[in-house]
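K.L.:
Dock chain B against the given chain A, drawing on the hints supplied.
Keeping their order, the protein sequence lines are chains A and B.
Quick note: the first sequence uses my numbering, first residue 1, plus one each step.
Quick note: the second sequence uses my numbering, first residue 444, plus one each step.
None of these hints come from the bench; they were simulated from the model.
One or more of the hints may lead you astray.
Unchecked claim - If you only want the chain A side, here are some residues facing chain B, beta carbon under 8 Å, derived:
#1 I217
#2 C221
#3 S252
#4 A257
Said to hold, decoys possible - Now the in silico label distances, taken between C-beta atoms and shown as ranges:
#5 B:L673 x A:G20: 19 to 27 Å
#6 A:L47 x B:C664: 38 to 46 Å
#7 A:G332 x B:R684: 22 to 30 Å
#8 B:L786 x A:L226: 54 to 62 Å
#9 A:G214 x B:R470: 49 to 57 Å
#10 B:N538 x A:S293: 48 to 56 Å
#11 A:G212 x B:R500: 26 to 34 Å
#12 B:S736 x A:S293: 54 to 62 Å
#13 A:R236 x B:L485: 45 to 53 Å
#14 A:K295 x B:V676: 42 to 50 Å
#15 A:R236 x B:P861: 52 to 60 Å
From the three backbone atoms N, C-alpha and C, an ideal C-beta is built for every residue, glycine too.
There are 2 protein chains.
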Amino acid sequence: MNAILQILLFLTLVTLASKGAGYLSTRFGQPAVFGEILAGLLLGPSLLNVLGWGVFRATEDGSVPHAELSAVVQVLAEIGVILLMFVAGMETDLNEMRRVGKVASWSALGGVVLPLASGAVAAHLFGYGWGEGFFMGAVLTATSVSISAQTLIELKSLRSKEGSTILGAAVIDDVMGIIVLSLVVAFVGKGTAGHAAGAAAAASGAAGASAGLGWTIAWICLKMALFFVLAWVLGRRFLERVTVSVNRLGVSEPVMAFVVVVAFLYAWAAEYLGGVAAITGSYMAGVLFSQTSFKERIDRGIHPLTYSFFVPVFFINIGLRADVRQITQMAGMTIFILVVAVLGKVIGCGALAWVSGFSYREALRVGVGMISRGEVGLIVAGYGLAHGIIGPEVFSVMVLMVLITTMITPVWLRHVFPRVVEERGAQVYESVARMSGREDGEA
Amino acid sequence: MNAILQILLFLTLVTLASKGAGYLSTRFGQPAVFGEILAGLLLGPSLLNVLGWGVFRATEDGSVPHAELSAVVQVLAEIGVILLMFVAGMETDLNEMRRVGKVASWSALGGVVLPLASGAVAAHLFGYGWGEGFFMGAVLTATSVSISAQTLIELKSLRSKEGSTILGAAVIDDVMGIIVLSLVVAFVGKGTAGHAAGAAAAASGAAGASAGLGWTIAWICLKMALFFVLAWVLGRRFLERVTVSVNRLGVSEPVMAFVVVVAFLYAWAAEYLGGVAAITGSYMAGVLFSQTSFKERIDRGIHPLTYSFFVPVFFINIGLRADVRQITQMAGMTIFILVVAVLGKVIGCGALAWVSGFSYREALRVGVGMISRGEVGLIVAGYGLAHGIIGPEVFSVMVLMVLITTMITPVWLRHVFPRVVEERGAQVYESVARMSGREDGEA
Numbered sequence: 001m002n003a004i005l006q007i008l009l010f011l012t013l014v015t016l017a018s019k020g021a022g023y024l025s026t027r028f029g030q031p032a033v034f035g036e037i038l039a040g041l042l043l044g045p046s047l048l049n050v051l052g053w054g055v056f057r058a059t060e061d062g063s064v065p066h067a068e069l070s071a072v073v074q075v076l077a078e079i080g081v082i083l084l085m086f087v088a089g090m091e092t093d094l095n096e097m098r099r100v101g102k103v104a105s106w107s108a109l110g111g112v113v114l115p116l117a118s119g120a121v122a123a124h125l126f127g128y129g130w131g132e133g134f135f136m137g138a139v140l141t142a143t144s145v146s147i148s149a150q151t152l153i154e155l156k157s158l159r160s161k162e163g164s165t166i167l168g169a170a171v172i173d174d175v176m177g178i179i180v181l182s183l184v185v186a187f188v189g190k191g192t193a194g195h196a197a198g199a200a201a202a203a204s205g206a207a208g209a210s211a212g213l214g215w216t217i218a219w220i221c222l223k224m225a226l227f228f229v230l231a232w233v234l235g236r237r238f239l240e241r242v243t244v245s246v247n248r249l250g251v252s253e254p255v256m257a258f259v260v261v262v263a264f265l266y267a268w269a270a271e272y273l274g275g276v277a278a279i280t281g282s283y284m285a286g287v288l289f290s291q292t293s294f295k296e297r298i299d300r301g302i303h304p305l306t307y308s309f310f311v312p313v314f315f316i317n318i319g320l321r322a323d324v325r326q327i328t329q330m331a332g333m334t335i336f337i338l339v340v341a342v343l344g345k346v347i348g349c350g351a352l353a354w355v356s357g358f359s360y361r362e363a364l365r366v367g368v369g370m371i372s373r374g375e376v377g378l379i380v381a382g383y384g385l386a387h388g389i390i391g392p393e394v395f396s397v398m399v400l401m402v403l404i405t406t407m408i409t410p411v412w413l414r415h416v417f418p419r420v421v422e423e424r425g426a427q428v429y430e431s432v433a434r435m436s437g438r439e440d441g442e443a
Numbered sequence: 444m445n446a447i448l449q450i451l452l453f454l455t456l457v458t459l460a461s462k463g464a465g466y467l468s469t470r471f472g473q474p475a476v477f478g479e480i481l482a483g484l485l486l487g488p489s490l491l492n493v494l495g496w497g498v499f500r501a502t503e504d505g506s507v508p509h510a511e512l513s514a515v516v517q518v519l520a521e522i523g524v525i526l527l528m529f530v531a532g533m534e535t536d537l538n539e540m541r542r543v544g545k546v547a548s549w550s551a552l553g554g555v556v557l558p559l560a561s562g563a564v565a566a567h568l569f570g571y572g573w574g575e576g577f578f579m580g581a582v583l584t585a586t587s588v589s590i591s592a593q594t595l596i597e598l599k600s601l602r603s604k605e606g607s608t609i610l611g612a613a614v615i616d617d618v619m620g621i622i623v624l625s626l627v628v629a630f631v632g633k634g635t636a637g638h639a640a641g642a643a644a645a646a647s648g649a650a651g652a653s654a655g656l657g658w659t660i661a662w663i664c665l666k667m668a669l670f671f672v673l674a675w676v677l678g679r680r681f682l683e684r685v686t687v688s689v690n691r692l693g694v695s696e697p698v699m700a701f702v703v704v705v706a707f708l709y710a711w712a713a714e715y716l717g718g719v720a721a722i723t724g725s726y727m728a729g730v731l732f733s734q735t736s737f738k739e740r741i742d743r744g745i746h747p748l749t750y751s752f753f754v755p756v757f758f759i760n761i762g763l764r765a766d767v768r769q770i771t772q773m774a775g776m777t778i779f780i781l782v783v784a785v786l787g788k789v790i791g792c793g794a795l796a797w798v799s800g801f802s803y804r805e806a807l808r809v810g811v812g813m814i815s816r817g818e819v820g821l822i823v824a825g826y827g828l829a830h831g832i833i834g835p836e837v838f839s840v841m842v843l844m845v846l847i848t849t850m851i852t853p854v855w856l857r858h859v860f861p862r863v864v865e866e867r868g869a870q871v872y873e874s875v876a877r878m879s880g881r882e883d884g885e886a
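Next comes chain A alone, as it looks inside the complex:
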């Protein structure tokens, strides 16, 4: 079977497994996203290891340039999460987010400081040095908001006070987390600061090695600030006008093509120029497009294939890359680090949200929404492994921590968010869907 046929068959399997598991998950009262990640876990090396099956192994036929199946799936998954965060951006209530801006900032700060400190202490208790400890703590700081965003969309709570706080805090967490990582790596990894958040920051790291830590950090902050200000100002000033012009071109889907270009360009610029996560860039693009007069139309255009094709690949891919059998090797430390990771965010984010004026319940929701870690944590851990800062056993612990926090989040979020809103929402959704013959928003 040639590479293309393998990919078609695999994508068929992924979509079926993802939607089937998502459906079962909702039948058990859980968010669909939980089932989708679980399906990936079952298909991955933990159990079935589908990518190792003969039918998906490298091809014997050289007629098509061969792409390793798992690499292609990875690329589609990355496009998936970029589109997912674009949709989350489109659904963001900017006024609500402005109102909760201060709480979100404090919450993000608490969610960076507490995991960093407690992670370092926990590692130290297990006999690791402070260098390794702070590096592990730094890995624990990086929230990955895509799972929470998806769950909140399912729960119809993305635009709520708490939902807005979570999204806002996640963006700020991304910024703070990268500064912390740069600092830690600079101290622990000796002058390679700035590299941690991906190859993008390598240039600044190299510059920093010769010019001193202060300059490195200043340079990282400057790049971030420049990216955010430029991306925002350019978007606010030109997006509406350019979209109107593009819409007049006599080509197919001009507006959607422009949306794809801007979303991908913002994602690229966020990571390559700004040094923050790519999904932060596409999220911003979504927020900016949501303020144009094309919002409805873009939403209708991007939602169907994103949620039927790209996003399932993303969720399945999370499980595909994990091997839970590793947990037996370092069970004690894994569980301990996991508890630290979970409580670090719940208490760190929650307490500061509470101090900033949120009620206990609201603060808890914010804390729970910040639990899940994702790609950034894995990239950082991979960097530490490659540069000898942490060993392979710590790396495995970190991978499991990312996986389990990712799976806890949707279930716990569902538990702490008011069920009534969700169920009423679902009913409204169903009747609207029946009337109009299409579905919207429900995820």
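P.N.:
This is chain B only, laid out in the frame that chain A set:
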């Protein structure tokens, strides 16, 4: 820059180039698809060679499993043409196609026999043996209808009498072409029959080598027949019912996910089980879904991202893989084979359409719509090269033949199809788009 960032940047470039060139093309009175392929040609090794630029070269960062950029682009392009043919299937007028079925069959036959015979004679005139000659003739038989389908969509003529004939004839051509290829390869390539149309047919080829040519051909025909009958009967009997059930699942985009599954599965089964082209399978899936009550909704869901993201990659990719500078080496033979390739289809398909009752103009339109060759021809030529049936110089000629027929087709189609319909269509489209705030069908 890591692999994902490279891909984001490249896809941004591809989408911009494709839509920009498509727009310019329409300004010069040509179909957008012509400009899109031309843009790919300029970006490819013929001129700019973007895939060779340092910014798109292999990454220095091992944190993301590396996929060769060109392989990822190839996969996205393949998904693009599968979705494109699904959309063409959705837009097919089945009643019209039934009416023109007989003409389409004769037309397809003419378009196989004449290119095969005249290709063999042409090659013989250039000093090649009859074995090589008939192999080259066989390469000339394989019509690739995706370019014509796209152009006809742009010209609002896909559902016309001639449009339906072209689509129908292309499906039949696929079947006939593969039988002819199997026969020729069996005679020329000594017992490797059936392999020509891709690795899929390898099993039947191996079986045939020991059991005789008759059985091989019978087996190939049986597989095709089984695929077509099963795919059609299953689709007609269950598609509506299953879609209704799927629609009730409380997951995101259940219907679109089901559409993706069926389209990919049909594409896979067409090539792997039926031995015909994958796009024939997704085309069938599109035809089948167009007869369900979900047609409108599926069309609205699949069109935006297909035409803003996947299809541009497909068109650009055609040019990216070609190097027109090769034409200088074998200019004489290239031009001669090209004339044979073009006239073989125009006269072969056109004459038999005319004999079957079409007017001269209608027959010409059908003939022109069958000119473009595509992937199947390239795969077959690649097979011949790999197995020593043709040399690298003949392979280059075949690649250029495929490229140039692909670029001639939209321009010539635009010329022979009535302009009035198109222009009125465009006006109607524009006013509808203005009223409803979205675009439809225009490509």
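K.L.:
It remains to establish, for every hint, whether it holds in the given structure.
P.N.:
So, going through the hints one by one against the coordinates:
Annotation: I217 of chain A was flagged as interfacial toward chain B, and the flag is violated, the nearest CB pair being 22 Å apart, outside 8 Å. For the restraint placing C221 of chain A at the interface with chain B, the shortest Cβ-Cβ distance is roughly 21 Å, beyond the 8 Å limit, so the hint is violated. A least Cβ separation of about 4 Å between S252 of chain A and chain B falls short of the 8 Å threshold, and the interface hint therefore holds. About 4 Å separates the beta-carbon of A257 of chain A from the nearest beta-carbon of chain B, less than 8 Å, and the hint is met.
Between L673 of chain B and G20 of chain A the CB atoms are about 23 Å apart, so this pair conforms to the stated range of 19 to 27 Å. Evaluation of the 38 to 46 Å hint for L47 of chain A and C664 of chain B yields a pass: the beta carbon distance comes to about 41 Å. At about 53 Å, the CB distance of G332 of chain A to R684 of chain B disagrees with the hint of 22 to 30 Å. Separated by about 60 Å at the C-beta atoms, L786 of chain B and L226 of chain A satisfy the suggested range of 54 to 62 Å.
For G214 of chain A and R470 of chain B, the hinted distance range of 49 to 57 Å is satisfied, since their beta carbons lie about 54 Å from each other. Look at N538 of chain B against S293 of chain A: about 40 Å separates their beta carbons, and that is not inside 48 to 56 Å. A hinted range of 26 to 34 Å for the beta carbons of G212 of chain A and R500 of chain B is consistent with their spacing of about 32 Å. The hint said 54 to 62 Å for the Cβ distance between S736 of chain B and S293 of chain A, and at roughly 32 Å that hint is violated.
Look at R236 of chain A against L485 of chain B: about 34 Å separates their beta carbons, and that is not inside 45 to 53 Å. Taken as a hint, the range 42 to 50 Å holds for the pair K295 of chain A and V676 of chain B, whose Cβ atoms sit roughly 44 Å apart. At about 46 Å, the CB distance of R236 of chain A to P861 of chain B disagrees with the hint of 52 to 60 Å.
Violation of the numbered hints given earlier is confined to hints 1, 2, 7, 10, 12, 13 and 15; the remaining hints are satisfied by the structure.
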